[in-house]
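Trainee: Now for the letters of each chain:
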Amino acid sequence: MSEIKIKKLDEYRWMIPPVGGMRVPGIIYSSEEMMGGIGSDESPKQVANVAYLPGIVNYSLAMPDMHWGYGFPIGGVAAFDMKEGIISPGGVGYDINCGVRIMTTNLQFDEIKNQLHDLVSSLFRNIPAGVGSKGTLKLSISEEKKVLREGAKWAVNNGYGSSNDLLATEDGGKMEGADPESVSDRALERGRQQLGTLGSGNHFLEIEVVEEIFDENVAAAFGLESVGQVVVVIHSGSRGFGYQVCDDFLASMVKNINKLDFALPDRQLACAYINSDEGRRYFAAMACAANYAWANRQMLMHWTREVFEKTLQKSPREIGMRLLYDVCHNIAKVEEFPIDGKMKKVCVHRKGATRAFPPGHPALPDMYRKVGQPVIIPGDMGTGSYVLVGTEKAFSETFGSTCHGAGRVMSRTRAKKASRGRSIQREMADRNVIVMATGKGTLQEEIPEAYKDIDAVVDVVHKAGLSKKVAKLRAVGCIKG
Amino acid sequence: MNVKPETLNSKLKYSIFDHTADLGLEIYGKDEKELFSNAAFALFDIITNIDDVDIKEERKLVIEGSDREDLLVNFLREILYMFNGEGLLLREFSISELDSHHLIGEARGEYFDQDKHRINEEIKAVTYHQVKVRETPGGWKGRIICDV
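Residue numbers (our numbering), protein chains in the order written: chain A, 1 to 481; chain B, 482 to 629.
Misleading hints may appear alongside valid ones.
Partial list, derived from the structure: chain A residues whose beta carbon lies under 7 angstroms from chain B [to be verified]:
| id | residue |
| --- | --- |
| 1 | Tyr52 |
| 2 | Tyr94 |
| 3 | Ser200 |
| 4 | Phe214 |
| 5 | Asn217 |
| 6 | Gly240 |
| 7 | Tyr243 |
| 8 | Ser315 |
| 9 | Lys416 |
| 10 | Ser419 |
| 11 | Ile447 |
Straight-line Cα separation of at most 27 angstroms, BS3-like style, residue types lysine-lysine; simulated pairs [what the hints assert, rightly or not]:
| id | chain 1 | residue 1 | chain 2 | residue 2 |
| --- | --- | --- | --- | --- |
| 12 | B | Lys494 | A | Lys417 |
| 13 | B | Lys537 | A | Lys440 |
| 14 | A | Lys416 | B | Lys537 |
| 15 | A | Lys45 | B | Lys622 |
| 16 | A | Lys83 | A | Lys255 |
| 17 | A | Lys255 | B | Lys537 |
| 18 | A | Lys440 | A | Lys8 |
| 19 | B | Lys541 | A | Lys255 |
| 20 | B | Lys613 | A | Lys138 |
| 21 | A | Lys174 | A | Lys138 |
| 22 | A | Lys134 | B | Lys622 |
| 23 | B | Lys541 | A | Lys416 |
| 24 | B | Lys613 | A | Lys259 |
| 25 | A | Lys134 | B | Lys597 |
| 26 | B | Lys537 | A | Lys45 |
| 27 | B | Lys622 | A | Lys255 |
Partial list, derived from the structure: chain B residues whose beta carbon lies under 10 angstroms from chain A [what the hints assert, rightly or not]:
| id | residue |
| --- | --- |
| 28 | Leu493 |
| 29 | Asp499 |
| 30 | His500 |
| 31 | Thr501 |
| 32 | Leu542 |
| 33 | Val543 |
| 34 | Glu545 |
| 35 | Asn555 |
| 36 | Arg558 |
| 37 | Gly566 |
| 38 | Tyr592 |
| 39 | Ile600 |
| 40 | Thr617 |
It is worth saying that the hints were derived from the structure and are not from the lab. Here a beta-carbon is modelled for each residue, glycine too, at the ideal position from N, C-alpha and C.
From just these sequences and the hints, can you work out the full model?
Mentor: This is the structure in structure tokens:
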């Protein structure tokens, strides 16, 4: 493997100059301190590999939470020309539309402090989670296809939440172009069993409390009113359905790799021209998975509302659990950006990256149009999250994208070794976080030191201007698979 | 010749290596067929307590690939779907035909039963990343990285 040359551009940007088959440079957003850690894994090489792909526009980007992924790095962003460019399942990831939503409430932490344990255990009982967890509803295939076409709207139509929730969901919780006929029977079968489940691994549902407000105006527009306010964060995706879609298309694209008129530096980068049958079919199937994930998070939110009402014995109005926003962080989308002085449609891949649109963007709902798009950055288990807001700079520099989370630094096996003999649940309790998980292994794999420091990641995107800090949230209760 | 992995106690079938956020497997076999069946065995040895799996079901496997590596990925992909999609836990694999593009074999096991079986680890996908199959002086060696 050839050594990757990295050149510092300014305080927060590093460039990989184009060499070999690279069509454009790579640009990594990071800090001096974090670049030290990044250098030791293969992710800069992956940033360079993405630059080999046809139709890539301007540069291959990586966010500060970058770490190694399959094909594209996690934290990678790349836009492709609609005529000459490609679409790649590896540029989206296995868990299509893995994402986060945050709900605000009218509650203050002091009001629920004494019932926190009951709340967490009731969430744990009522929200299916864990390895291979199956949902409480078994969908027929024809009903599942409706989910795939309509996304969160299907959930709302079936009694899970209200139409106001759709306004506060990226793309209204429904991606255009979804065609269930492009999806395999295998994906349908896996999807049918798992709708309405949280999953395992790094997915979670967390009760958090506003700890610090950085921008009062924007926070107020987002409904984040005061320190101590209770919010809920849900991190989940398209479950086995998305995995199967990704795997099916990877298999068929790898099979056709020799028919492409360019060479790939890594099989896991398998792709198809956007403007080809296979490319269009993947897009249509990926959109189905995106819709599945939005329906899934909508259902998880609905059950969370029910748990809060029952446990606290308060009315929905008193609790006021309102969806602030829902963002996806594994997706490919057709969006318009200023490129060479003109607005141009491109296919943006965000793999472990979040859309961060600026104030005034037409894709934003009225309530946020003046301030910009809410961005939710979940931390590692039990540390809490950040709410940021999109900027003009992200729009012009990173195809309207910012980071997505803390980013793993320690492998799962190493994390397990590091946590041997420790009670992670107890350690979290000492930090005043009640954690409940179906598997002990999950807790060990997800220990805080396995992740980059979320504060450092968010600092980089804030200072580089890719999004601005609005509020910091502290976790108080967490359920995991 | 059919190779039943549980009868091969002469040496290690596989070992686990470290890879950020993922599960790396190095797989061994005295010949290529054994390498493939040991790879499939490894998946289920990681997913569950394999001794609790009885043989009640049998599935025929016919797999194609563009080369040995692609064939290994496609084979494991198929095996993994039998669990993720159909709920089958498998423990015995016999491969009757194998060249660099085709595989014919059988997998045996039973349906997952939550009163009887325990899921220790979820394997979500088998990837192409750094996949390798090669013959060494001491036998066959394979390398595969799984998303967990």
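Trainee: Each of the hints needs a verdict: does it hold here or not?
Mentor: Now for the hints, and whether the structure bears them out:
1. Tyr52: Constraint on Tyr52 of chain A not satisfied, violated at 16 angstroms.
2. Tyr94: holds (5 angstroms)
3. Ser200: holds (6 angstroms)
4. Phe214: Given a least distance of 30 angstroms, the restraint on Phe214 of chain A is violated.
5. Asn217: Violated, because the Cβ-Cβ distance from Asn217 of chain A to chain B comes to roughly 38 angstroms (cut-off 7 angstroms).
6. Gly240: holds (6 angstroms)
7. Tyr243: At about 5 angstroms, which falls below the 7 angstroms cut-off, the nearest Cβ of chain B leaves the hint on Tyr243 of chain A intact, so it holds.
8. Ser315: Check failed: Cβ of Ser315 of chain A comes no nearer than 37 angstroms to chain B, outside 7 angstroms.
9. Lys416: With a minimum Cβ separation of about 10 angstroms from chain B (threshold 7 angstroms), the hint on Lys416 of chain A is violated.
10. Ser419: violated (15 angstroms)
11. Ile447: Interface hint status for Ile447 of chain A: violated (13 angstroms vs cutoff 7 angstroms).
12. B:Lys494 <-> A:Lys417: Holds, at roughly 22 angstroms.
13. B:Lys537 <-> A:Lys440: Violated. Lys537 of chain B to Lys440 of chain A sits at ~30 angstroms, over the 27 angstroms cutoff.
14. A:Lys416 <-> B:Lys537: Between Lys416 of chain A and Lys537 of chain B the Cα gap is close to 34 angstroms, so the pair fails against 27 angstroms, i.e. violated.
15. A:Lys45 <-> B:Lys622: With Cα atoms ~26 angstroms apart, Lys45 of chain A and Lys622 of chain B stay inside 27 angstroms; holds.
16. A:Lys83 <-> A:Lys255: holds (23 angstroms)
17. A:Lys255 <-> B:Lys537: Judged against 27 angstroms, a Cα distance of about 34 angstroms means the pair is violated.
18. A:Lys440 <-> A:Lys8: This hinted pair is violated, its Cα atoms lying about 42 angstroms apart.
19. B:Lys541 <-> A:Lys255: holds (22 angstroms)
20. B:Lys613 <-> A:Lys138: Cα-Cα ~40 angstroms, so violated.
21. A:Lys174 <-> A:Lys138: Roughly 22 angstroms between the alpha carbons, so the hint for Lys174 of chain A and Lys138 of chain A holds.
22. A:Lys134 <-> B:Lys622: violated (36 angstroms)
23. B:Lys541 <-> A:Lys416: violated (36 angstroms)
24. B:Lys613 <-> A:Lys259: holds (23 angstroms)
25. A:Lys134 <-> B:Lys597: holds (18 angstroms)
26. B:Lys537 <-> A:Lys45: violated (47 angstroms)
27. B:Lys622 <-> A:Lys255: Status holds; Cα separation ~24 angstroms.
28. Leu493: Interface hint status for Leu493 of chain B: violated (17 angstroms vs cutoff 10 angstroms).
29. Asp499: Hint on Asp499 of chain B: holds, closest Cβ of chain A at ~5 angstroms, below 10 angstroms.
30. His500: With a minimum Cβ separation of about 6 angstroms from chain A (threshold 10 angstroms), the hint on His500 of chain B holds.
31. Thr501: Since the shortest Cβ distance to chain A is 5 angstroms, the answer is holds.
32. Leu542: With a closest approach of 15 angstroms, the Leu542 of chain B hint is violated.
33. Val543: With Cβ-Cβ at 15 angstroms, over 10 angstroms, it is violated.
34. Glu545: holds (9 angstroms)
35. Asn555: holds (7 angstroms)
36. Arg558: This interface hint holds because 6 angstroms falls under the 10 angstroms limit.
37. Gly566: holds (5 angstroms)
38. Tyr592: Not OK, violated: Tyr592 of chain B not within 10 angstroms of chain A, min 13 angstroms.
39. Ile600: Given a least distance of 5 angstroms, the restraint on Ile600 of chain B holds.
40. Thr617: Violated, about 21 angstroms.
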